[in-house]
Amino acid sequence: MRRLILILVPYLWLLALFLVPFVIVLKISLSDIALSIPPYTPQLDLSGGWQAVKDFFAGLDFENFAFLTTDDLYWKAYLSSLVIASVSTLLCLLVGFPIAYAMARAADEWRPTLLMLVILPFWTSFLIRVYSWMGILSNEGVLNQFLLWLGVIDSPLQILNTNTAVYIGIVYTYLPFMILPIYSALERLDGSLLEAAEDLGCSRTSAFWLVTLPLSRNGVIAGCFLVFIPALGEFVIPSLLGGSGTLMIGKVLWEEFFSNRDWPVASAVAVILLLILVIPIVLFQRNEQKQREAEG
Amino acid sequence: MRRFSWFNATSLTFGFAFLYLPMLILVIYSFNASKLVTVWAGFSTRWYGELARNEAFLDAAWVTIRVAFFSSTLATILGTMAAYVLIRAGRFAGRTLFSGMIYAPLVMPDVITGLSLLLLFIGIGLDRGILTIVLAHTTFAMCYVSVVVSSRLVTFDRSLEEAALDLGCTPFEAFRLVTLPIIAPAVISGWLLAFTLSLDDLVIASFTAGPSATTLPIKIFSAVRLGVSPEINALSTIMIGIVTVGVISASLISKQQAVRRMQEERAADRA
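These protein sequence lines are chains A and B, in that order.
In terms of the working numbering, the first sequence opens at residue 1 and continues consecutively.
In terms of the working numbering, the second sequence opens at residue 1 and continues consecutively.
One or more hints might be untrue.
Once the Cα atoms are required to be at most 25 Å apart in a straight line, the calculated DMTMM-like pairs of lysine to aspartate or glutamate come out as [said to hold, decoys possible]: (1) B/255 with A/109; (2) A/76 with A/109; (3) B/255 with A/63.
Estimated spans, in silico, between C-beta atoms of each pair [said to hold, decoys possible]: (4) A/108 with B/45: 36 to 46 Å; (5) A/192 with B/7: 37 to 47 Å; (6) A/72 with B/18: 34 to 44 Å; (7) A/3 with B/53: 49 to 59 Å; (8) A/66 with B/226: 55 to 65 Å.
Some but not every residue of chain A turned toward chain B, in silico, with C-beta under 8 Å [claimed, not checked]: (9) 3; (10) 9; (11) 10; (12) 24; (13) 50; (14) 102; (15) 123; (16) 240; (17) 254.
Read the hints as simulated data drawn from the structure, not as lab findings.
Glycine residues also receive a C-beta, built at the ideal position from the N, C-alpha and C atoms.
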């Protein structure tokens, strides 16, 4: 009996507040927009009996999904989200790997401090971390003033409100997600393997490519997914740092809902985003499982 | 220090400069006397004074703290239960669905979580306000808590629980007297994580908040959409300060505890 309560409480909570909302999103994505409150039709009215249920299902169609394919905006937004998320994941890897590598090579007594310095930004507000770049990248911002002072440029560069700013923002905020798994893979790396490689005639560089990199592969893969998955649906970064030309699906969904008040289309956008995300999520899970099996 | 080359030193220096310079610049500019955020006009604490008189921000901060407190407490209870179910309850019907629902919110984009919860609240006719934000935050935070707690439960020596049961404890007593004290550090860090996630959240709160309840991130977001503002710099500095002090003191405390535990173990070995 106690066991049943223990299982049922969190189970029912998640069913009611996680699964049911998704079913509603799915349902509304198949509905039509209407000038009513709530602004979509059909509504399920169970008092009408079986006929009402049949009418309800008859009223559902894939019109909104068809609409998404007719308007350029949507597939361009999906595509550009994919591009932005992939490029920033790659940039994150290029920036994060050397940091994780250096941390794993640091003296033992330094490592906890370095680790804490990487984790600390996590606890700081995400919004504030994104906001901090607005003051740096704007036309009169710190970066442009510095470059003008150096004499590298004659007139301020337009960085804020471009995709460049979005890349900087994503790399900055998600860098710890990349560093931590790579660091934990590199930290476990047995130093004697590198010594063996060098004793057997490897140069330091080829030992890195032949030993270090393959052994940190799982960390690299985990880090890439941890950056790519949230970056794909990102809203705050493109809306604060990006310009009107920055198309990202999270932003489109937000505007569809709050500005256009088109709930059925917003729901359809969400359903497709979810379908796109399923692939990297499943791959990520599989990678994690493989790693657990390798360890355990 | 073998192999700690100049290359590693440079990556660390640049890496940490990249992570910390933007926040440092933000903090410095919060003490700028000028209204023009990019022109340095001398040191001043003027914006902190303006902030303290800004009722709207103070109200939003109070709402945010209340939401974070209630949602993280609820999330800790539910998340600990969920972790216990995942690790200890064995097989039951719908277990796969259950663990799926625990892990899925961790990777779900905020816009989707927010949208779906809003549609639910409207569907059941629940007025949007503090309650709806608490429900929304509890739901995604409990998943983080259960991941943190279950990672501790996995490494936990089960025979301790069994011994307590053999010695006549009821299962609940065994949980309260044996399991809970051992997993307490994970439960506390789960609570802290849930609290910060709730303080931090903009997107889900924007969807689920009504006109009667505005949280601090919603307020900050609408203020900075139009550009940099010195008052927000001051507010950010305060928030960064609180987090820094909190995290550093937490890590010092846990270090101290580790040292004490080691001394006690050594003393026990001698005895």
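Which of the numbered hints above does this structure break? The structure conflicts with hints 2, 3, 5, 8 and 13, although it agrees with all the remaining ones.
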